Amino acid sequence: MFFLRGASGSGKSTLLNIIGGIVTPQHGQVNIVGHDFCQLKGLQKDRVRADHIGFIFQQFNLIPYLSILENVILPCRFSKLRRDNAIKRSGSVLEEATYLLNRLYPKGKFSFHRTTSELSVGQQQRVAAARALIGQPQLIIADEPTSSLDYDAREAFMALLFDEIKQSGSTLLYVSHDPTHQHLFDSVVDMSLINPHLELAL
Amino acid sequence: MKLRLIAKKSLISRRSTAILTILSIAMSVALLLGVEKVRVNAQSSFANTISGTDLIVGARSGSIQLLLYSVFRIGDATNNISFKSYQDLAQQKGVKWTIPISLGDSHRGFRVMGTSRDYFSVYQYGEKRTLEFASGKQFEGVFDAVIGAEVANALNYAIGDQVIVSHGTGSASFAQHKDKPFIISGILKHTGTPVDRTLHVSLAGIEAMHVNWQGAVKKRKASKALTEANLQPDSITAFLVGLDSKIASFKMQRYINEYKAEPLLAIFPGIALYELWDLMSVAEKALLIISMFVVLGALTGMLAVSLAGLNERRREVAILRSVGASHWHIMGLLITETVLLTVVGILLGLVLLCFGIWFAQPIIEKTYGLFIPVTAPNIREFGMVCVLLIASLIVGLVPAYRAYKNSLADGMSIRS
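Protein sequence lines, in the order shown, are assigned to chains A and B. Here my numbering is used: the first residue of the first sequence is 1, the next is one more, and so on. Here my numbering is used: the first residue of the second sequence is 1001, the next is one more, and so on.
Same shape as in the complex, but just chain A:
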């Protein structure tokens, strides 16, 4: 589990876009779960992203016109590997999504068929976490997932996320400017150490 720390404007988003295969770096090497992104074409990178990476963003993670369940199973639409993984674990994609949602909503009482627009931000982040976890991708990237939550919700969310990631055995890349949780991680990396242009820009 990695903690990537950096102030806003330090190149975090660019780095995430490079890891996600959306942006191709001008030089250097990117190796994601055994795939050299500099060698791959756009579509192949899309495939790697779909198969191996789950994302949780700061907010607005969910597609408003889809239900909670539909949002969670979305990655399985684009990745056969994750669909197969989900089926292997729970029998069906929907079963797996329901299982994950139940884990992340310990006291959840409401229907997962509701649309996501009525959810609070904290609930939305849990749905986003379930979506990132479905089909057990090797890499989970969480980009300030708790910054729009209040303190209690933040603590609860972090505990659940850590639980689930330990269960699935994925790698977590946690990106934040806030060092509060950095003691929980195996390794902490500061953006200013890996981005030489930052000094120049400042």
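Careful: at least some of the hints might be erroneous.
Unchecked claim - Far from chain A, by Cβ distances over 12 Å, these chain B residues were calculated:
id, residue
1, L1005
2, R1073
3, G1094
4, V1163
5, L1279
6, A1318
7, I1319
8, I1357
9, F1359
10, R1380
11, G1411
As the list claims (entries may be wrong) - Label-pair distances were calculated between CB atoms; the ranges are:
id, chain 1, residue 1, chain 2, residue 2, range
12, A, L184, B, I1019, 45 to 53 Å
13, A, K166, B, N1311, 50 to 58 Å
14, A, V121, B, S1013, 15 to 23 Å
15, A, S147, B, R1402, 27 to 35 Å
16, A, D163, B, N1311, 35 to 43 Å
17, A, S111, B, G1309, 26 to 34 Å
Don't read these hints as lab results, they were simulated from the structure. Everything numeric in this text was worked out from a predicted model, so none of it was measured. Where is the CB? At the ideal position from N, CA and C, for every residue including glycine.
Could you slot chain B onto chain A? The hints should help.
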């Protein structure tokens, strides 16, 4: 989740604009196909006005004018032809039948046509259909009249009713043949041709009306007994000719056109009909072009709505990208939405058209004598729909390309 399903849900979430877009496409499709249907039916009903007749003969004038007054009862003849010439030509070798036509009088806006009894057995319209009687029979006596379906319908006439014919063709004529009323002996079945709007009497009847008349003025004079024998007309307006063999029609046309006794004109009805339709096709083409522009307007409206919504959907696109969607998926999603809107619009348009025709059918038939059936789209209409679908695909490419550009710029970083 299928891409099509996502597109559907996305459209449902924006239902108000989606419904408006669908409606505008539906209305434009209904208009386009409606115009096409009216055009095709008008043309076929037009071409079906007369059939089985090889030549139409009248005094020398223009072919369209002759067609108009002899078949469509529109306008008047410049000159009559003498009954002697008619008799002479009717006896020519190769002539199978002739129907004399004598026009010039009217009854409450409907034209009165003097003709022979052969008319009811020989005259053909549409696919070689002859006239049929809805009730009654053909005229026997001098003062018997047979009326078309529309005359009977509009004036509420029945067998045995008396009608008074006016001199001239205006609907409010002052000179009326009041002294010689006609009695309705038969009512024809509906044909969808000008026959429906005609009052048919014998040639002798036309003569009898005008006995004791000089020019258009009534003269007081003791009348003799009016029998068919002493009511031989001096002239008729035109006549229709049926020949034994079609091959002879050119020869016969030349013979009539070069007829020595008086200047005559013989025309082929098919060619004259074509010329006349060609004349009117300008309006029909203009109508079709206008409705094509309406369709274009609807497509442009859809494009505008789609492009305007694109900015709000950047977030959605970024989310889809982050869960593994490629650029192709994003473009596919937007094109699918456009095509989906168009398909629903087209289907709704077809329903609208069917209801529209069903509703307007009796009105159009009554006013214009044009029957428009509710039918499945023909190949041409199907082609139009296909072109529209392809056009929507092309229109869909524009927002799809824009979304592609946006997603290149945005990546997965989500801007609210």
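Okay, the hints, checked on the actual structure:
no.	hint	in the structure
1	L1005	violated, 9 Å
2	R1073	holds, 63 Å
3	G1094	holds, 79 Å
4	V1163	holds, 71 Å
5	L1279	holds, 56 Å
6	A1318	violated, 8 Å
7	I1319	violated, 6 Å
8	I1357	holds, 37 Å
9	F1359	holds, 37 Å
10	R1380	holds, 39 Å
11	G1411	violated, 4 Å
12	L184/A <-> I1019/B: 45 to 53 Å	holds, 50 Å
13	K166/A <-> N1311/B: 50 to 58 Å	violated, 41 Å
14	V121/A <-> S1013/B: 15 to 23 Å	holds, 20 Å
15	S147/A <-> R1402/B: 27 to 35 Å	holds, 30 Å
16	D163/A <-> N1311/B: 35 to 43 Å	holds, 39 Å
17	S111/A <-> G1309/B: 26 to 34 Å	holds, 29 Å
Hint compliance for this structure: hints 1, 6, 7, 11, 13 are broken, all remaining hints hold.
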